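Chemist: Read off the chains here:
Number of protein chains: 2
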Amino acid sequence: MKNATARPADLSAQIATAIRDAIVSGDLLADARLPSEAELADQFQVSRPTVREALKRLAAQSLIRTQRGASGGAFVNRITFEDAYSQQITTSTLLLSMNAVSFETACEARFALERACAPLSAARRGAAHLATMRREIRRQRGPSLTDEAFCASDVAFHRALVDGAANPVLSYQLAGAVEAMQPLMNMITYTARSREGIAALHGRIADAIEAGDGAAANAGLSDLERETQNLARDVLSARRGDA
Amino acid sequence: MKNATARPADLSAQIATAIRDAIVSGDLLADARLPSEAELADQFQVSRPTVREALKRLAAQSLIRTQRGASGGAFVNRITFEDAYSQQITTSTLLLSMNAVSFETACEARFALERACAPLSAARRGAAHLATMRREIRRQRGPSLTDEAFCASDVAFHRALVDGAANPVLSYQLAGAVEAMQPLMNMITYTARSREGIAALHGRIADAIEAGDGAAANAGLSDLERETQNLARDVLSARRGDA
DNA sequence: CATTTTTCATTTGTCAGACAATTAAAAGTC
DNA sequence: GACTTTTAATTGTCTGACAAATGAAAAATG
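Taken in sequence, the protein lines are chains G and S. Residue 1 is where the first sequence starts when you use our numbering, and the numbers rise one by one after that. Residue 1 is where the second sequence starts when you use our numbering, and the numbers rise one by one after that.
Treat the hints as calculated values from the structure; they're not laboratory data. Heads up, a few of these hints could be off.
Stated by the list, open to error - Simulated coverage check for chain S against chain G, where a stretch passes if three residues somewhere in it have a Cβ under 8 Å from a Cβ of chain G:
no.	segment
1	23–36
2	90–104
3	143–156
4	161–170
5	173–182
6	223–229
To be verified - Residues of chain S placed beyond 10 Å of chain G at every Cβ, according to the derived structure:
no.	residue
7	E39
8	L58
9	A59
10	Q61
11	A84
12	A131
13	D213
14	A216
15	A232
Model, not experiment: these values are computed from the prediction. All C-beta atoms, glycine included, are put in the ideal place defined by N, C-alpha and C.
Sequences and hints are given; from them, build the entire structure.
Modeler: Shown next, in the form of structure tokens:
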């Protein structure tokens, strides 16, 4: 009966939590300097290695950064969108691969999120976003493209679509969903015909974005989702047939 | 001229990266046991404290868990949706608070993501989700409700809406967006009239979900977004007036 | 023999003290 | 005043040790 809340965590975990709370609650502002390791060890009544373990935990979450030398120390890190991206991608990737999320579920989520962005992108995309989308479509039609390169181009296309919405929070959220799915997408072997089908749908979506027609873009995304799900189904059933 | 890639990171960071790569690439499967700290120290030619700092970094990202005692050690963690939730919420919260994302941007992202879920929720929501939504609406109409409690109820309502889509990947993605916005939402002081307006819109959305009408639900969400943006604008302009 | 208790080896958690490496500021020098 | 040297502060790393937890083997017990 020792479960529930009665488990005293590691000292280093406790200390990390205490400092993290201070950061999240705003008691410690960005770029503020934490006390030195020796002072922290004093304050928390633990040894320096224990304090260091706590600080490394925080560093792993990009909550602090450290600097050596006089007037060095640990500083509250102003987390960047890039930091957040990469963390989200690692987490999402592991979540998908280790929790055996079905391709269907992941795919549905991805396209639902993209449909959330498309209308905004149709209204606000810059010329550069549209140019990227067109360029990737051309690349997708090129012959002698490996399956992986095709997937990468696919990601680039969708990324441009999402970034066109000009909302960094959306871009950040989508990065995880789209990039984490790439390993799953790589399972699919693309035939020349399915590639042309996808590129054509991309073309329809790009046209809609160019015309500022969000609804049409969403219709294209829905068709693309159906197409992707069909391809995945074929691969899976073929694999079952083999085995 | 020592910048660029030429900066050798901490040993503990290098080791953490090496192990993380092994996990992400699938060389280390879930629940696999890592070598003991002493063995790792040997393999990497470093001392045990350094290895421990590396392991704590990984533990902070829920990539491993440790267990004491004989046949204990560090094990590759099968990351749960719950782990991912909480990580995403911390990251998103900090991102919003420290990068000075405007209320407008965050709000737009949040409602765009919710509109992505609503049609799915309309098609698949269970009775429990609908019941939760109705219950929260009743609560929101109750008198003597603090602003914070009103916000919490708001989150619960939207959470039920999202969970109704029955797609754990979407729920996970949305958790960050919705919960991270709560501090921003708490800035708003809700008058009796604005509360009734929000509750009424919630009612419309719940009706649409009950009727299985995704488009109507999205229309309701769009109106709610407008309403929320207006409230925030009022608060901000009032604050400017005060100062 | 079966079962319970005890012992024990393994492994993580924590501590203390030391030295190296880095770096900004202070002191010295021209 | 501009430049160089020294110094002190701080993180990074190592060594060695002990405590605490824990599962497994060994011993005791019926």
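Chemist: Of the numbered hints stated previously, which ones are contradicted by the structure, given in increasing order?
Modeler: Those not satisfied are hints 3, 6, 8, 9, 10, 11.
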